[in-house]
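Student: Sequence:
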Amino acid sequence: MKKISFITFLIFTCISNYVLGFDNPSKDKLLIEIVSYVLNKGHYSPSQINDQFSEEVYKNYLDGVDSRHLFFIQSDIDFFDSYKFEIDDQIKTSKIDFFNLSHQRYLQRLDQVKSFYSSLLNQSFDFSIDEKINLDFENTSYSKTLSELKKQWRKFLKFNALGIYSNLKEDEKQKKEKNPEYILRSDREIEIETRTVLKDDMKYFFEARYDLNRNDYFSIYVNSIALQFDPHTSYFPPSAKDRFDQNISGKFEGIGARLTKRNQEVEIVDIISGGPVWRENTLRPGDKILKVSQINQTPVDVVGMRLDDVIKLIKGPKGTQVILNVKKVDGTVLDVTLTRDIIELEEAFAKSTIIEKDNNKYGLINLPRFY
38 MKKISFITFL
48 IFTCISNYVL
58 GFDNPSKDKL
68 LIEIVSYVLN
78 KGHYSPSQIN
88 DQFSEEVYKN
98 YLDGVDSRHL
108 FFIQSDIDFF
118 DSYKFEIDDQ
128 IKTSKIDFFN
138 LSHQRYLQRL
148 DQVKSFYSSL
158 LNQSFDFSID
168 EKINLDFENT
178 SYSKTLSELK
188 KQWRKFLKFN
198 ALGIYSNLKE
208 DEKQKKEKNP
218 EYILRSDREI
228 EIETRTVLKD
238 DMKYFFEARY
248 DLNRNDYFSI
258 YVNSIALQFD
268 PHTSYFPPSA
278 KDRFDQNISG
288 KFEGIGARLT
298 KRNQEVEIVD
308 IISGGPVWRE
318 NTLRPGDKIL
328 KVSQINQTPV
338 DVVGMRLDDV
348 IKLIKGPKGT
358 QVILNVKKVD
368 GTVLDVTLTR
378 DIIELEEAFA
388 KSTIIEKDNN
398 KYGLINLPRF
408 Y
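Just add 37 to the spot in the sequence shown (first one is 1) and you have my numbering.
Simulated from the structure, these hints should not be mistaken for laboratory data.
Calculated pairs, SDA-like style, for lysine to any residue (alpha carbon to alpha carbon, straight line, at most 20 Å):
| hint | residue 1 | residue 2 |
| --- | --- | --- |
| 1 | Lys-188 | Ser-155 |
| 2 | Lys-349 | Asp-372 |
| 3 | Lys-298 | Pro-322 |
| 4 | Lys-96 | Asp-125 |
| 5 | Lys-129 | Asn-87 |
| 6 | Lys-188 | Gln-160 |
Please model the entire structure based on the sequences and the hints provided.
Tutor: Pasting the structure below:
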């Protein structure tokens, strides 16, 4: 137990110290060196870093980046295959050539898919035509060409559209049952709405993809390495460790609002009872945060900024103040000054109660998550 605790401490402290804000390949190499050293010297059952190890890292990383084979094509995989049995050597020498090349190629394919998927949704789907899509992605071949990838995306979009279409049809049926005078919409009208809904879904899908930066993808690569030691060994980048600590403690220092990002705008979706936002009673779900500033500092425009980065600006030590420039649901814009405090997430706490029934007592324990 002492050895495992030491490993945990060393990974969290050393990596956090070196990785905070790292955004260049030299620090990526340093992280690989630290992880390799810690796992080999401190893990209870070190793995042999050999060709078999390399092959598993290769497979897990590609699966972590493109598990549904919607971005890479076969020529990419053929190119990557030359590194399949070299990752172990790169780890030993703290090189990241495979990651650099694969990440660059992924970004290229992401841009290409983004450029054509919307045109596929501008065309009507004919649900009367029988088509097949293989959802066993692990055993599905990659598309041979970009043209074939585009066809695969059309099927992927049609498959998702079919679920939306079916739900809309069921809604129409229920409306008719409740109100016999209700005039059912035509299949054509429902199909058009289906594509409108799917367009919004895909816009958020790609927005989330582009919100990930190099660090996020490099974390996938590092975790593909850590996974080979055992299923419970993983690397936490600083942001993930902060979330882990928050989930375990059920506490954090901030303003007490949950945020999301839609259409490049940061929106309040929930207000935590007892927190500064709740006490101030000025902000509501649906309000959008336009700028964030600290006292006596220049406001930072957060429109289009990564959500994690916005949260970092808003969070801070208890007792300090933050100024939010907010666009209200009614369109008015105002500045709201909030004093940060300790926020307790009651839904994260384990709870217990005694139930009495028929002269018997029963103990009920509610564990909202596995600690």
